[in-house]
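Based on the provided sequences and hints, a complete structural model is requested.
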Amino acid sequence: MQRYFIPKEQFVEDKVHILDEDAFHLNKVMRAKVEDQFIVSNGETRDVLVEIEEITKNKVTASIIKDLERNNEPVNNIWIAQSLPKGDKMDTIIQKCTEIGAVRFIPFTSERTIVQYDEKKKSKRIERWNKISKEAAEQAHRNRVPKISEIKTLKELLKMVSEAEESFVFYESEDGLYFKDMISKKKDHEKKVLTFLLVVGPEGGFTADEISQLETAGCHSVSLGKRILRTETAAMVGLTCMLYEYDEMGG
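Residue numbers (this note's numbering): 78 to 328.
Hints in this document: simulated from the structure, not taken from any laboratory. Don't take every hint at face value.
Unchecked claim - Have a look at the derived ranges for each label pair, beta carbon to beta carbon:
hint, residue 1, residue 2, range
1, ASP144, LYS201, 18 to 24 Å
2, LYS262, LYS303, 15 to 21 Å
3, GLU240, GLU130, 39 to 45 Å
4, LYS262, ALA217, 27 to 33 Å
5, ASP97, ASP195, 26 to 32 Å
6, LYS201, GLN114, 32 to 38 Å
Glycine included, every Cβ here is placed at the ideal spot set by N, Cα and C.
Following this line, the structure appears as structure tokens:
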């Protein structure tokens with residue numbers, strides 16, 4: 078069933094009002110009709126099943142049928158800090174990691190980052206990534222849309238490491254210390270909600286000095302296995318590995 082995230086202000090008493098691009102999507106793409114049903118979420122506290130009452134060019138009004146359980150999110154909060162890759166790879170990382178279950182993305186620049194954005198391009202990229210994240214969260218039936226941080230420097234990222242209970246940096250030169258083994262050692266058996274930060278380098282990888290800085294800040298340097306992964310693959314593999322180890326992949 079189709080799902081849309083809308084601002085909580087568009088929940089009015091027993092109705093919801095779908096506006097702008099979402100209204101266009103319902104009207105022109107989904108060919109929605111009066112009495113059609115779909116799911117609406119405010120991305121924070123409420124998911125509801127609704128039924129369309131009225132359709133106009135720029136607005137769809139629907140009545141709330143019932144509130145739904147909000148049980149599609151991982152127990153733990155996993156943040157992806159990704160050094161900016163070339164081309165549209167960041168689009169793919171945000172889309173796929175949103176589907177898998179990341180709750181926050183922190184794009185950043187490091188020494189070997191090739192991509193350079195001016196302030197105007199940064200703003201447009203953040204806008205684009207937020208749209209991709211929203212659409213991916215709707216497709217995956219998430220209960221919330223992951224947050225996209227402003228683009229950070231490595232120095233700024235280092236200051237954020239302490240905000241997470243556990244932080245890991247994926248480093249291809251790390252010998253013998255595998256991510257899976259580290260998760261098992263660090264796994265909290267009290268079932269409390271934790272925040273994890275997963276740090277991924279650019280196409281050329283981190284320098285030894287950057288790894289040293291990250292470790293000093295509190296990141297555990299770990300390997301994702303014997304094979305060298307592309308930067309756009311590492312975040313997806315690491316995220317999936319963590320969710321699996323915490324029994325978030327079913328079973």
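Now for the hints, and whether the structure bears them out:
1. ASP144 to LYS201: 18 to 24 Å: 36 Å, violated
2. LYS262 to LYS303: 15 to 21 Å: 20 Å, holds
3. GLU240 to GLU130: 39 to 45 Å: 44 Å, holds
4. LYS262 to ALA217: 27 to 33 Å: 30 Å, holds
5. ASP97 to ASP195: 26 to 32 Å: Holds, at about 28 Å.
6. LYS201 to GLN114: 32 to 38 Å: 35 Å, holds
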